[in-house]
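Residue numbers (my numbering), protein chains in the order written: chain A, 1 to 155; chain B, 156 to 310; chain C, 311 to 392; chain D, 393 to 474.
No lab work stands behind these hints: they were computed from the structure.
None of the hints are false.
No more than 27 Å apart at the CA atoms, straight line, and that leaves these computed lysine-lysine pairs for DSS-like:
| no. | chain 1 | residue 1 | chain 2 | residue 2 |
| --- | --- | --- | --- | --- |
| 1 | B | K211 | B | K157 |
| 2 | C | K336 | C | K369 |
| 3 | B | K211 | B | K269 |
| 4 | A | K67 | C | K369 |
| 5 | D | K451 | B | K222 |
| 6 | B | K228 | A | K40 |
| 7 | A | K73 | A | K114 |
| 8 | D | K407 | B | K193 |
| 9 | B | K193 | A | K67 |
| 10 | A | K2 | C | K369 |
| 11 | C | K349 | C | K369 |
| 12 | B | K195 | A | K73 |
| 13 | B | K193 | A | K73 |
| 14 | A | K40 | C | K325 |
| 15 | B | K269 | A | K73 |
| 16 | B | K195 | D | K407 |
| 17 | A | K38 | B | K222 |
| 18 | A | K56 | C | K369 |
| 19 | A | K114 | A | K67 |
| 20 | A | K2 | A | K114 |
| 21 | D | K432 | D | K407 |
| 22 | B | K211 | D | K451 |
| 23 | A | K38 | B | K228 |
| 24 | A | K114 | C | K325 |
| 25 | A | K114 | C | K369 |
| 26 | D | K429 | D | K418 |
| 27 | B | K193 | B | K269 |
| 28 | A | K114 | B | K228 |
| 29 | D | K407 | B | K269 |
| 30 | B | K157 | D | K451 |
| 31 | A | K38 | C | K325 |
| 32 | D | K451 | D | K418 |
| 33 | D | K407 | D | K451 |
| 34 | C | K325 | C | K369 |
| 35 | B | K269 | D | K451 |
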Amino acid sequence: MKHIQHTPIHYANLFDDFRDPNSGAVVLFSGEVRDNNKGKAVTHLEYEAYEPMAEKMIEEILADTHKRWDLNKAICVHRVGHVDISGCAVVVITASAHRAAAYEANRYIIDRVKYEVPIWKHEFYTDGSSEWGQNCDCSSPSHPHHHKHEYQHAE
Amino acid sequence: MKHIQHTPIHYANLFDDFRDPNSGAVVLFSGEVRDNNKGKAVTHLEYEAYEPMAEKMIEEILADTHKRWDLNKAICVHRVGHVDISGCAVVVITASAHRAAAYEANRYIIDRVKYEVPIWKHEFYTDGSSEWGQNCDCSSPSHPHHHKHEYQHAE
Amino acid sequence: METQIQITCFAGLRKFFAPQMEVQLKLPASYQSLIQKLKKLNPEASEILDNCRIAVNEKFVPHNEVKTGDEPVYLIPPSSGG
Amino acid sequence: METQIQITCFAGLRKFFAPQMEVQLKLPASYQSLIQKLKKLNPEASEILDNCRIAVNEKFVPHNEVKTGDEPVYLIPPSSGG
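Could you build the full structure based on these sequences and the hints that come with them?
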């Protein structure tokens with residue numbers, strides 16, 4: 001398991017291990033648990049994944065990213081299990097000679113990971129209720145669904 | 156001195172100190188010293204700044220950034236002095252509820268810091284020579300100079 | 311003759327179905343017809359079933375593809391990682 | 393009567409001038425005329441001088457602004473931080 005992790009993500013360590021003398025730009029994205037969502041106070045999240053497929057898909061997304069940008073390195077690690085407020089749910093790190101590639105590739109990776117990879121968040125609220133997350137309001141008729149059309153039945 | 160630093164930048168510590176329960180997205184950019192530039196092997200860099208003005212200008216850039224995006228936090232720290240290969244020259248960290256703002260604001264900050272703030276790099280090469288850096292080939296007639304026209308004589 | 315198909319449900323689908331279940335399906339049949347069958351089993355799950363992807367052998371399959379074998383089926387609700 | 397103006401040079405400018413120097417200038421005079429004077433002192437510095445910003449009291453001043461007082465002048469070559 002390289003991309004799906006059952007233990008806390010130490011992005012500082014990931015970042016320190018990421019030294020590359022050929023890269024002038026390193027971009028790190030950390031997706032973290034907020035203490036609120038849609039007006040409700042959140043106590044913690046639990047992430048679930050269809051792990052073998054999530055692993056393969058993240059690997060493919062990283063490979064696609066290397067084809068599109070002149071990157072030296074790219075990693076993505078997503079937590080499963082219990083994550084507290086301000087805890088790290090997902091980290092993406094990209095490194096390139098110049099910064100445009102590192103920024104663009106980083107965002108491309110997290111966008112695809114969020115919309116395509118079979119990982120789900122279960123939000124727990126202070127009132128004792130809980131709900132499975134949605135990354136967007138897919139049921140709204142005005143929702144553009146660009147990501148869905150592009151990727152949904154791909155492969 | 157908040158933004159100009161004479162000692163090594165420990166971005167991992169900066170990042171750990173950056174926890175914000177209201178932010179779902181944190182983006183960190185690290186500008187690092189490459190072992191090569193324009194075909195020459197680099198041994199290290201030395202950064203110089205007109206410090207009082209650099210401090211004020213970075214502060215203003217961060218304030219402008221907060222006006223343009225819905226950010227929870229933004230910091231920028233730039234090294235002066237000797238920086239080795241893979242050493243960190245500048246770090247920008249941004250945090251927001253949703254990731255678009257954190258990415259866009261982060262890039263806006265580093266672009267302006269690089270083009271506007273009076274900080275200069277002195278590159279030292281393995282052949283014993285050295286050169287003062289240029290962030291772009293400003294003397295080329297084809298150079299668009301958009302940043303210059305936009306900011307040069309600004310106040 | 312009907313074939314017994316093993317189905318795995320993730321995340322929000324488990325509000326409506328067991329994590330693992332088996333349904334009888336007369337093969338060959340489109341995956342869409344399997345979805346229809348599940349909607350009949352639990353009409354409240356219709357909306358999420360319409361938004362699910364289907365994975366077989368760790369690959370997504372189009373809903374209109376025809377299922378001929380008894381490989382297990384994984385129902386993938388919209389992702390909400392990150 | 394000429395006034396003595398203290399000038400601070402940064403980075404690549406110091407290939408051509410001392411870090412700190414003083415030049416005589418008859419005030420009032422545009423900052424551009426100060427730049428012209430420096431170009432005459434060292435013609436090889438013309439290109440970088442054309443690309444410099446000028447700072448006084450920690451603020452950039454337009455090249456065509458007229459200098460009336462003897463405040464120190466800071467010559468700011470193009471930035472190359474990051």
